[in-house]
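S.K.: So you can see what is in the structure, the chains are spelled out below.
There are 2 protein chains.
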Amino acid sequence: MEHQPLLCPRFEAAFCILGKRWNGLLIHALVSGPKRFKDISTLIPTMSDKMLSERMKDLETAGIIVRNVYPETPVRIEYELTEKGQALKPVMEAVEQWAAQWLDDQEFTQSGCSSKDQS
Amino acid sequence: MEHQPLLCPRFEAAFCILGKRWNGLLIHALVSGPKRFKDISTLIPTMSDKMLSERMKDLETAGIIVRNVYPETPVRIEYELTEKGQALKPVMEAVEQWAAQWLDDQEFTQSGCSSKDQS
DNA sequence: CTCATCGCTAACAAAATGTAAGTATATTTC
DNA sequence: GAAATATACTTACATTTTGTTAGCGATGAG
Chain A
66 MEHQPLLCPR FEAAFCILGK RWNGLLIHAL VSGPKRFKDI STLIPTMSDK
116 MLSERMKDLE TAGIIVRNVY PETPVRIEYE LTEKGQALKP VMEAVEQWAA
166 QWLDDQEFTQ SGCSSKDQS
Chain B
66 MEHQPLLCPR FEAAFCILGK RWNGLLIHAL VSGPKRFKDI STLIPTMSDK
116 MLSERMKDLE TAGIIVRNVY PETPVRIEYE LTEKGQALKP VMEAVEQWAA
166 QWLDDQEFTQ SGCSSKDQS
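Chains as they are written, first to last, in our numbering: chain A, 66 to 184; chain B, 66 to 184.
All clues stand as given, with none of them false.
All copies of an identical chain are treated as equivalent in the list; a pair is satisfied when it fits inside any one copy or across any two copies.
Straight-line Cα separation of at most 30 Å, DSSO-like style, residue types lysine-lysine; simulated pairs:
| hint | residue 1 | residue 2 |
| --- | --- | --- |
| 1 | Lys85 | Lys100 |
| 2 | Lys85 | Lys154 |
| 3 | Lys149 | Lys103 |
| 4 | Lys85 | Lys122 |
| 5 | Lys154 | Lys115 |
| 6 | Lys115 | Lys85 |
| 7 | Lys85 | Lys103 |
| 8 | Lys85 | Lys149 |
| 9 | Lys149 | Lys122 |
| 10 | Lys100 | Lys149 |
| 11 | Lys103 | Lys115 |
Because the hints were derived from the structure by calculation, they are not lab data.
Please construct the entire structure, taking both the sequences and the accompanying hints into account.
M.R.: Here is the structure:
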């Protein structure tokens, strides 16, 4: 009862990251340059601080972002995409294009998302 | 204290779909052509039947796939990408490329994923 | 009849996520 | 110098989502 070659282990691995809530948004937020914790939480107000710090740790472990600590008065911490993270830019762009062509502004928080109401 | 335009509502909507567990894999599985319930569950053995049927319903509601019922002896049901679904092919390809370049086969089920086994 | 396959659904357990509050450090306001 | 504010988190606990196991109803094989 071994299981077959599946689709492709690397593709699966990729969607272990991208297929997790918030990760896509976070990566996208950092494409435009490094940001601080607060900046990101302001950009994505629906995400809780807890989730933000957890996802950041995950993405750091995955080698997609780096956490830079600047020991200034008060300490400043910036998150920034690594080379591996920057390499996701084409993915983000493809998603953007698809979203622009096929999705409505209305459509967000509708079907597959955080939908509680389902007749 | 209104909250800003965020990143982009459509992009968010896109990741409501893509950022959900299994959805990326499912869409990818259907890029190569329509498949039956069983085919998909064999392709992705780590996904339970329950999740498969739930995600399929979600993707159908989102207009990404269609469920075709062929009333043969025994009924055959095939899932197939719509035009909207097919339009995600470039996204899938971008992910594939990234995965090929930056991910190891070993790396799957590692950090952010369902990491129970860490040999 | 008994068993297996297909495409699900139901019941319940486990894990992920959300919410609200708190923490440590440091600066600003009174 | 006490209180308030800011940052980057963490903790405790509620809620939601996912996983696991079992089963159903139809069909067909042995």
